[in-house]
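K.L.:
Here are the chains, one letter per residue:
Protein chains: 2
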Amino acid sequence: MVIEERLKELRDKINEKVPAGITVSQVEFEGPELAIYTDDPKRFADEADLIRILARDLRKRIVIRPTILEEPEKAVNDIKSVVPEGAGITDIFFDADTGEVLIEAEKPGVVIGKNGATLREITKAIGWTPKVVRTPPIESTTVKQVRQFMRSVNDERKDFLRTIGRRIHREITNKDQWVRVTTLGCCREVGRAAFLLSTPESKVLIDCGEKPDNNNNGTPYLYVPEIHPLSQLDAVVLTHAHLDHCALIPLLYKYGYEGPVYSTPPTRDLASMLQLDYLEVIRKEDKKIPYTSADVKSYLKHSIVLNYGSVTDIAPDIKLTFHNAGHILGSAIAHFHLGDGLYNIAFTGDFNYGKSRLFNPAVSTFPRLEALFMESTYGGANDMQPARKDAEEKLYETVNKVLERSGKVIIPAFAVGRSQEVMLALEEGMRLGKIPNVKIYLDGMIKEATAIHTTYPEYLNSDLRNLIFREGLNPFLAECFVQVDSNELREKVVLGDPCVIITTSGMMNGGPVMEYLHNLAGDEKNALVFVGYQADGTLGRRIQKGWREVPLGRRETIVINLEIVTVDGFSGHSDRRQLMNFVGHVQPHPEKIFTIHGDENKTIDLASSIYKRYHIETHSPMNLETYRMI
Amino acid sequence: MVIEERLKELRDKINEKVPAGITVSQVEFEGPELAIYTDDPKRFADEADLIRILARDLRKRIVIRPTILEEPEKAVNDIKSVVPEGAGITDIFFDADTGEVLIEAEKPGVVIGKNGATLREITKAIGWTPKVVRTPPIESTTVKQVRQFMRSVNDERKDFLRTIGRRIHREITNKDQWVRVTTLGCCREVGRAAFLLSTPESKVLIDCGEKPDNNNNGTPYLYVPEIHPLSQLDAVVLTHAHLDHCALIPLLYKYGYEGPVYSTPPTRDLASMLQLDYLEVIRKEDKKIPYTSADVKSYLKHSIVLNYGSVTDIAPDIKLTFHNAGHILGSAIAHFHLGDGLYNIAFTGDFNYGKSRLFNPAVSTFPRLEALFMESTYGGANDMQPARKDAEEKLYETVNKVLERSGKVIIPAFAVGRSQEVMLALEEGMRLGKIPNVKIYLDGMIKEATAIHTTYPEYLNSDLRNLIFREGLNPFLAECFVQVDSNELREKVVLGDPCVIITTSGMMNGGPVMEYLHNLAGDEKNALVFVGYQADGTLGRRIQKGWREVPLGRRETIVINLEIVTVDGFSGHSDRRQLMNFVGHVQPHPEKIFTIHGDENKTIDLASSIYKRYHIETHSPMNLETYRMI
Ligand SMILES: [Zn+2]
Ligand SMILES: [Zn+2]
Ligand SMILES: [Zn+2]
Ligand SMILES: [Zn+2]
Ligand SMILES: [Zn+2]
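Those protein sequence lines, which keep their order, are chains R and H. Read in the UniProt record's numbering, the first sequence has 172 at position 172, and its numbers run on one by one without any break. Read in the UniProt record's numbering, the second sequence has 601 at position 601, and its numbers run on one by one without any break.
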């Protein structure tokens, strides 16, 4: 069936279900959604259940596009009169092309109303379709810039979404039935995640990360024919924003990819922030720059965001659903339903099956599941991590000890994930009197990453959401946290009172942490506290191993007198026990498990342990292999 | 290094080694060979060992191209005066482009002389480089047409060989090291053999056959991206001429392939014969024709023939060597040496590890071997075949019995392989008085296939070669064999004396065998003797299973009164015991074995049996997978 016939058929079905008198002037695929154009958006809004019923019966995600619109100036007043005062609206943007009005508010829930009642009231008043986003409680340059940029490319995006919509809903022509996964990176290694999922009809790339490695360019095997031409890729799916998963996505656009990148909304924002920072770091190191910020913009322009649980057509024979992975903000397990009940496969990305301060444990229940690709970072037989509680106790002890002797605590940490966990632990420690009230300085991109966290509290775990929404206590906004944004302030911190400093980079290869080390390493009252994994070859690892003199640049040497402490247990990954438990609990039990994203011995050990314990077929694939699923 | 520099370097090295006074005017890659152009071909011929030494030191196959040539008319006389009378020269063809003179003779050995002495004498006399081929003792239309066609495209071939030569010797640019095999067909099934061997630098396709299957188009998975664009394939390697290995090679040219197909010389001739017949059969069945005879010509034009044991560069990092596979005339195990000692992998094609009347057992010793792809046609635990001797006894008994009662024996057989085995058994039976002297009629393409066998006696086993060359007794030329080439003769055979009829098709789905069945099935004195495997769904299988009435066309029914006999043991494949023995004997022992070309349960059973007995890692791959070797 050609696409026009298909749309006509859908329009006829919609007309059957819509009450008499409501006109549907056009239906159109826009990205994964079905857009219904109507002259009567207000009456559509009147029928509270209509959209839900259409979505269920047509098995499509539905959006309503009004064709007759109120004047924006009048509409602003109408919105403000419908929405209760307390919503804290900070911006209203009208997009005449889509008939959408984007409302930015401090309390999006108030704009939405119970079960969307207030949203419907807005439509009834003005005809426009409202969309609501949160005003970041901490100002975020990234969020602001992403939102501005997305507005500026609105017209292009509309064309893009229509093109993609029609591609997604194209007719299936090949009669063969098979499902394959090709490993383009991240097998028997950590880094450069890239997996190609293919059927006779479609091709989807899952992640496209980098691997910091001096001997190599650190790119996945993008030169092999399996993935070419890139223009024929249907979709890129991004599990989360860490660079080993997202760094090289803009490179795909440079090489000719023109399709969408699906991710959760926070992953999109974090990824673009980290990609730009990645370019900055490479530029400073005088290495070859793989792509430019223009390619990051291409990525954003082609991004399509999906929330957890939303089942979405991304190719004629592939439905994608994201589920919470518990690893970092917005991190997702990507579940693919292939064909009409033919096969189901999930890629965990990085996941934490334990509960953390920020996130719920990773989801382990799926409607169906035949094959699972799971990370194995801590897959080795002895890769046990202390309980989170014990880790926090050790952190408190260390902080108490150092502050007592009037020292300063330096905590090198990744901007995204680890920093926020440590922030929350320290904030609670102070609130509950377990550690003294001192300033906690945040340097590097930590503040910015934290701001993005506060923009998406829906992605945090239930305890933290309750704290924020019910008790009105957003720990990220606590007074103890001070952003270091100038050299003057950095100097004051160094010279000032005992305090805690959380700063990038996490493995001490560059970043503001070097400045603190330079000034504070000589004094044995201070302490350097590692809360994250220090990779081989990094300065962090060297200091951890006991080096007492480290080079700074080419001329200087820093003498390490300060105390060195390692606090394990703040990891965003499942440890060995949690990985095994996840496999034991995952519903339904998959037929095949592939262990990836881990050192060679760990992926092999985990695969054979899973096979022995659960009698599930396992593989520890190598890069550049293709496995047939069915 | 660019190719021009490389050639200059080679030329310098050659000049160092060549005695003073011999000028080398040019060196050039021509296909896998290095062509040395010289004004002094006669002096080159004087230095008996020079070419051998150059080949060894440069690790290249060397050909000498004279630049100054004697007039062909005079040269003919000179050749005839140099070559001894008994050679039986039947044709001489001068190719001024390459400076080669092609001598067709009944006894090529006499033209060559001991260790090539006579050939050198020819060059010394005329300057031209002689190449010798055998005059088919039985006239072969195929051989004649192939040779004529190759002459007619001489100019194009010269360009082609230079282009390929330069491609083969191009500089290696990629620094990665890996070797992969992608299965495009023939896994857990018999038919449509197609395996892609790839490295970062090169791609080689091994076989490209069809699978007779009504539900499917029977083509390997040529639509997957791994093999595209076809124009970037470095080489196609053909193990042998059966249609499940060669039928779709011409299709590659239709789809844009422009590179060489490597095979032994008899495989090239047999393949083109069977491909043309394949087109004819499809045309008669009113099915969609996949390609035309023009594509078969493209294949021939791009074919490069190699003899067993000749180590040949086919890509910058791949050397190919063919070894006897014992299966049919020219059948080869293809051994690939990858990189500079990086990896070695062999594809058995179809092979027979037992000795047959025509061929020596398959070669099982290789210089090096890490991975082996082996056929599993008879890989099932119970797939034992009777000894060849017992099979022949049973055939003799049957023939005796039928002839005694004045009946006729119909033996349906494949044109290539099985027919010649049965011919030789029957001829010896008559010669030694084990069965009566009657006519053995050959119908269908059997005579033509036999003629091709007699063109290449070097490819037959040592006993048969001795019989032919030492004892001057070519059993294929025995008087008992009579070609049926007209309807009149066919009628005479049917009405005539007791006799044996060997005729195509082997599984009785069409071909002249139907005519014999039509006329002889009603008489219980006659017998139908199956010597080959009858696949499910064929008329042969039905009759074997006991059907006593079979349809002929749409209107007629044949009543089966004649005796039905099955004689197992004439197979060209190794049976289960021989497959296991082959693995036990193969030197050196490979690290990995892949069982292919067999029904699903047989490949799986063979793989697990090999693992249990020999502790070698085995896989029974599925189609569309990619295995990383290193
Ligand atoms: Zn991660
Ligand atoms: Zn990761
Ligand atoms: Zn064969
Ligand atoms: Zn075969
Ligand atoms: Zn395997």
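These aren't lab readings, by the way, just hints derived from the structure by calculation. Remember, it's a predicted structure, so these values are computed and weren't measured experimentally. Ideal Cβ placement from N, Cα and C applies to all residues, glycine included. Each hint should be verified, as a subset may be incorrect.
[As the list claims (entries may be wrong)] Facing chain R, from chain H, some residues (calculated, C-beta under 10 Å):
no., residue
1, 170
2, 174
3, 178
4, 200
5, 203
6, 222
7, 229
8, 231
9, 535
10, 536
11, 626
K.L.:
Now, for every hint given, state plainly whether the structure supports it.
P.N.:
Checked hints:
no.	hint	verdict
1	170	violated (17 Å)
2	174	holds (8 Å)
3	178	holds (6 Å)
4	200	holds (8 Å)
5	203	holds (8 Å)
6	222	violated (12 Å)
7	229	holds (8 Å)
8	231	violated (12 Å)
9	535	violated (23 Å)
10	536	violated (22 Å)
11	626	holds (4 Å)
When held up to the earlier numbered hints, the structure conflicts with 1, 6, 8, 9, 10 and fits the remainder.
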